[in-house]
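Residue numbers (the working numbering), protein chains in the order written: chain L, 1222 to 1588; chain S, 9 to 413.
Take these hints with a grain of salt, some might be off.
What the hints assert, rightly or not - Computed cross-link-like contacts, SDA-like style, restricted to lysine to any residue with a CA-CA straight-line distance of at most 25 Å: (1) L:Lys1484 - S:Ala292; (2) S:Lys21 - L:Pro1503; (3) S:Lys396 - S:Thr14; (4) L:Lys1484 - S:Asp291; (5) S:Lys21 - L:Glu1434; (6) L:Lys1484 - S:Lys235; (7) L:Lys1484 - S:Ala15; (8) L:Lys1576 - L:Asp1351; (9) S:Lys266 - S:Gln289; (10) S:Lys266 - L:Pro1503; (11) L:Lys1484 - S:Leu129; (12) S:Lys21 - L:Asp1351; (13) L:Lys1484 - L:Ile1505; (14) S:Lys138 - S:Arg153.
Read the hints as simulated data drawn from the structure, not as lab findings.
Listed below, chain by chain, are the residues.
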Amino acid sequence: MDSSRYDVVVIGAGLSGLIAASAVASENLRVALIATGPGSFVLGSGCLETQEIVRLGGSPDLNEAIEFFCERSRLAGNPFEGDIASSRPLPAILGDFKSVALAPRLLWNAEPRADLSAVVVGIRGLSDFDENFMAERLRERTRAMGLACRYAARQISLASDCGAPATTLRIAKRFDCDPEFRSELIDALRRAASGFERILVPSMLGLLSSEPEILQFEREVGCSLGELPTLPPSIPGLRLFHHLWSCLQKTGVEMFQGFPVQKLEIHDGLCTGVHVASPGHPLILRGESVVLATGRHAATLLDRSCPGLDTQMRPLDAGGSAVARNLFAAGSLLNNGAGSRGGATEILTGYRAAKLAAAGRGSYAAR
Amino acid sequence: MRPDDTAIDNCLKCAVCNDACPVFGAHPRYLGPKHLGPELERLRREGISTDTVWLEYCLGCHRCDLACPHQVNVSEMIARAKAEHRKPFVRALRDWWFARPGLLGMLTTILPAVSNAALSLRPARFLMSKLMRIAPQRRFPAYTRPNLQTPAKRTAIANQMRVVFFPGCFIRYNRPQLGRKVIELLERNGFSVDVASTGCCGVPATANGDQAEARALARANVRSLAKQVNAGMRIVTACSSCGYMLKTGFGGLLSDEKEFADAARQIGASTFDAGELLMAQSDAGKLNTDLKTVNLHLAYHAPCHQKAQGIGRPWYHLLRQIPGVTIEDIDAGCCGMSGTYGFKQEKYNVSMAIGRQLFDAVGAAQPDMVATECATCQMQIEHGTTFKAIHPVEVLLQAYDGRPL
């Protein structure tokens, strides 16, 4: 078997590319995923907002796509909960509330409810998060919502703090790789939790930590834990990226990370090769179908005059016909200047493009 | 990774490089690639001195470059700053030697038995730790007299493809038997193999901040390889770091030296990892598939410099073709050794902290052995686990001739 041949080659590992690759791989096809970086989902708050889902309302396959996403996130160890018809408040970065449809459990744990008694815990030396400010804002906003919630603020100090300014990213990485750091955090949080039914911390509880590990961590702290959004990069967003990425790799998707696609080879209306700008000489991958999920910033692979897509999600050339019969587009590449709010649109278009790209394929069925 | 100077403007400070950095999570005070790279680079370009000891802590693994959504050459900026970095005398002296594994290899292999005995003696290691700040927990690999002569060529086929094998310091001075296996493997697949008469590729010099030495080595290598490359021969490497250097480094180091720049680029375009070359043979239906059963459960670890070559996982797929072999890509990040980095006393703990995830993953996989292309990844895996680590070449060759590993 020629190792450079695939049923489907997906370009881009933002949310739409990851979902497209997952959807194709779930049909037992041989898939390659080419990525430079994790896409813009990791800059947002890591949940799917209601507003965007409303905007997509009426798409016949929205339910199916979101269900698929929820199933994959569960399989990957980072389950998203909720449903597209619901709209529940979750804290935003400055302590306002926004309407959310789907989020991981750790984020849902920061949802306010009547008579909640929670403590917002900050960490000494952690920049860009102020527990006093956050607690005050949450108190004020929940009062306005007519909820009698009690938010206190506490700061913990960690002995392993070495005076250098910390970021949530660094803490999350240490959470993943340093068991002593985790135990120290458990002790400090346990002390801060006394008298409260919930602890709210900035999002920092690991990038690789899976749901069972987090549940175990919560048990050891002895209190339910919720995560609050912080400045980018979003730990919940990166966490989803890492989980989906490693799940794809485990299911046999070949990952090519680090180098952009420099050229799409198109002959007689078919995309016959994808040239990756690897050092020295280009790496050429060949897919029966190709899904382009590069985002708008990297859309140089298509002619600037591309007027849009046909009904099969294929980019059109200036003359109005498909650039290639087997080339499909997904993700924020499709937004005409509107900008993506990151989430449901990517999932929907990634899923849709994958279905179209996978139809009739299977010459190189996965191992 | 775009090797041009405007790449710095593509940095949006998104911190995805910090996420990818193995040191960032393992050392609580390490400043991270975003700060050491593009952020300080802006000041450096204004002539403002920003020298910091943390530059030494960059592994040079290139994971930041691969993770960057906008192809900023983060690690190259750090490497350039490292070259300007001032170290205290003892560390500077030690790193001078670490930058020259070729010279070290030449000297130690004059009397390898004496060198090996001396390097492994407890008092000698104690002294090296005190005087040279070399981690006493580490053992130097044994040195052997260089011998890459193989028995008479198997078969001389008229239109055999001639390739040049670039052995690198580790194969030349520590494991020439592995080099002979690489040659044998290539010959069994219809290649006629010349051995390059080159020295060190220059990765250790770059990693230790010795840019002048790296450039000198690059020039010598380009001079030595240019003729063969011009004649259309491909260069084959079996060490991920040498391969990475040949593909990208010479071109980068010598881009402003007219007489070398083109040849350096051509060498980059002509260089293939042994696995990459054999996988291409396999794709073309030309791989020697006379493979005997080898009953082995392997854990595969992809070295950082293998990932940085952007060639996929050729060895993983080649080994899977061997009947009886089961292989698991453990994909648990960097091993933390990074050539000479793990040998440095002040960096030993961070090196081991980085490797912890890999060690745990290897332990969970319970393999018969670990297969990985990089010699120092092998050392680190054997140091941090109870498992033996080998080069994939050895497994494939065993499948051809049935000789035990």
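Problem set entry | In rising order, the numbers of the hints this structure does not comply with | Structure breaks hints 2, 3, 5, 6, 8, 9, 11 and 14.
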